[in-house]
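**Q** So the chains spell out like this:
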Amino acid sequence: MLILTCPYCGVKAEETELSPGGEAHLKRIGPKGTAEEFEAYLFARKNIKGVHFERWRHAYGCNKWFLAARDTHTMQVYGTYKAQTAHATDEIVANARQARAEWVPDWPQASEAVVA
Amino acid sequence: MPSPRSGRYSVFAIAREALRQHQGWNRAWASPEPRERYKVVIVGAGGHGLATAYYLGKNFGITDVAVIEKGWLGGGNTGRNTTIIRSNYLQDPSAAIYDKALKLYENLSQDLNYNVMFSPRGLIMLAQTEHEVRGYKRTVYANNLQGVSTEWIEPKRLKEIVPIINIDGPRYPVLGGLYQARGGTARHDAVAWGYARACSDMGMHIIQTCEVTGIETANGQVQAVSTTKGRIGCEKLALVVAGHSSQLAEMAGFRLPIESVPLQAMVSEPIKPCMDVVVMANTVHGYMSQSDKGEMVIGGGTDSYNAFTQRGSWHHIEETVRALIETFPMISRLKMLRQWGGIVDMTGDRSPILSATPVGNIFVNCGWGTGGFKAIPGSGWAMAELIAQGRPGPLAAAFGMNRFREGRFIDESVAAGVAH
Ligand SMILES: Cc1cc2nc3c(=O)[nH]c(=O)nc-3n(C[C@H](O)[C@H](O)[C@H](O)COP(=O)(O)OP(=O)(O)OC[C@H]3O[C@@H](n4cnc5c(N)ncnc54)[C@H](O)[C@@H]3O)c2cc1C
Ligand SMILES: [Zn+2]
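Residue numbers (the numbering used here), protein chains in the order written: chain A, 1 to 116; chain B, 117 to 536.
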């Protein structure tokens, strides 16, 4: 059974206590978006076989949304983090890199990061 | 299809071989080394890939075809499913392609000269909530307009057809059912093997243990695939890889509206014949039929998050079994022999994609999700048409991937929620 630690209340929750919310960090497309952008936002998913970031809700606990980094191939959990974050923490990145040396995050790294 | 290479199967062949210690049977398909180039390369030797190859040869005379498989043929979802066959879908495009498949299944053993053990034993979808009663009645009306014969049956009649069922369970009473007498099952491996043998007989190459690792394009047109057995050139490429569709699409540089999740099934120890019909309980995600060996074949629900483990979550087994035991009390003492999972390719509207792609001469067939075994012959037929002619025929037309951009969904999430 998949076990994720809720980053808010700290509970180690089994998957039956959680409710999954799909791919994380999707950027919402507003009214000015093109049909292609809107389609991509609604339907096109990375569906990664490997390091995957996703949303979860601690449904039978504190009921808050959080994010998790999980390997969809090995089921290893690299860590969980709060929802109000643009991308996973350095610690999670390090965990993932340790398991998959070839993996690189697809967001700008700390040195080059732009604060939004 | 006559079988020049593997020899035609018949009662005379059995008699002949009986007299010579069965020394004369040939291998059902050849295992050739790949050539440098083919007119059509199909990635994925599941039922859909093999059927696509077969109808390319049979209906269009295109036999310069290779089917490339990373594992063994039929080792994906085709060899892992609970083999339910039905065509009682809600929307017209679905009814058309699934019923075409069912009609082809009816004669598939003769057509392939291979016994696929198609068994039209009838299929019932149980209505266990008021919502389902309304939903299935609506499906019956739709089916009758589509020319797909199904009927609504009341609990009493249902109990006659399925004596082992408990219709007045406290939690999930059986309020009636959607009955398709033409539905049933077939032997999953035999479907893959029968198509493979027929393709091999036409001179097509089925190349197993050969993984596609890259797709080469130039000027927006496909050129070749790189594989663990080297580069293989092609004029046209079909991606028919179910749970790995997103990975192949990424190699070609586009994205699909697909997410991959595990779906599980299990079988019990064999018991005496007790249920000669397929029963689906969609509310509780339990599906049950009895195999010819006597095992109860049980399908469950999908995991609700992406994974590629071919295993699935433990609690789904518990939920499925718990619900089925209430509806079929006699199975409570049964031992389960095996449990497994397959990675199913889910689309947002729970309908498949048969489509051209942003890359010239690359076609995809995917998104069959939890219910594509029943569709294999119809899907192969429609896909062959799409590849040979470069544009979809009437069966595939509605299933293009642009429907997601254009809002033309083929919503089967009622009829096929997680149904097989
Ligand atoms: C547990 C379970 C129960 C089901 N029950 C039913 C049911 O009762 N009725 C029903 O109609 N449907 C059912 N289904 C769904 C059905 O099994 C599938 O929709 C159908 O088999 C898909 O066939 P396919 O040929 O598209 O895919 P597959 O049979 O999965 O074939 C795809 C092939 O592509 C290969 N491949 C992947 N990547 C590569 C690569 N890079 N290079 C080369 N080859 C590659 C794979 O190894 C695989 O063999 C069930 C599925 C599961 C998992
Ligand atoms: Zn919590």
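By construction, these hints were calculated from the structure, which means they are not laboratory data.
Careful: at least some of the hints might be erroneous.
[Claimed, not checked] Pairs of lysine-lysine residues, derived as PhoX-like cross-links and limited to a Cα-Cα distance of at most 25 Å, are as follows: (1) A:46 <-> B:155; (2) A:49 <-> B:186; (3) B:186 <-> B:155; (4) B:216 <-> A:49.
**Q** For each hint, tell me whether it holds in the structure or not.
**A** Taking the hints in turn, this is what the structure says about them:
Among the hinted pairs, residue 46 of chain A with residue 155 of chain B is inconsistent with the structure: their alpha-carbon atoms are about 30 Å apart, more than 25 Å. Straight-line distance between C-alpha atoms of residue 49 of chain A and residue 186 of chain B comes to about 16 Å, which keeps the hinted pair within the 25 Å bound. Pair hint residue 186 of chain B plus residue 155 of chain B holds up; C-alpha atoms about 20 Å apart against a cutoff of 25 Å. A hinted pair counts as satisfied when its Cα atoms are at most 25 Å apart, and residue 216 of chain B with residue 49 of chain A does not qualify at roughly 34 Å.
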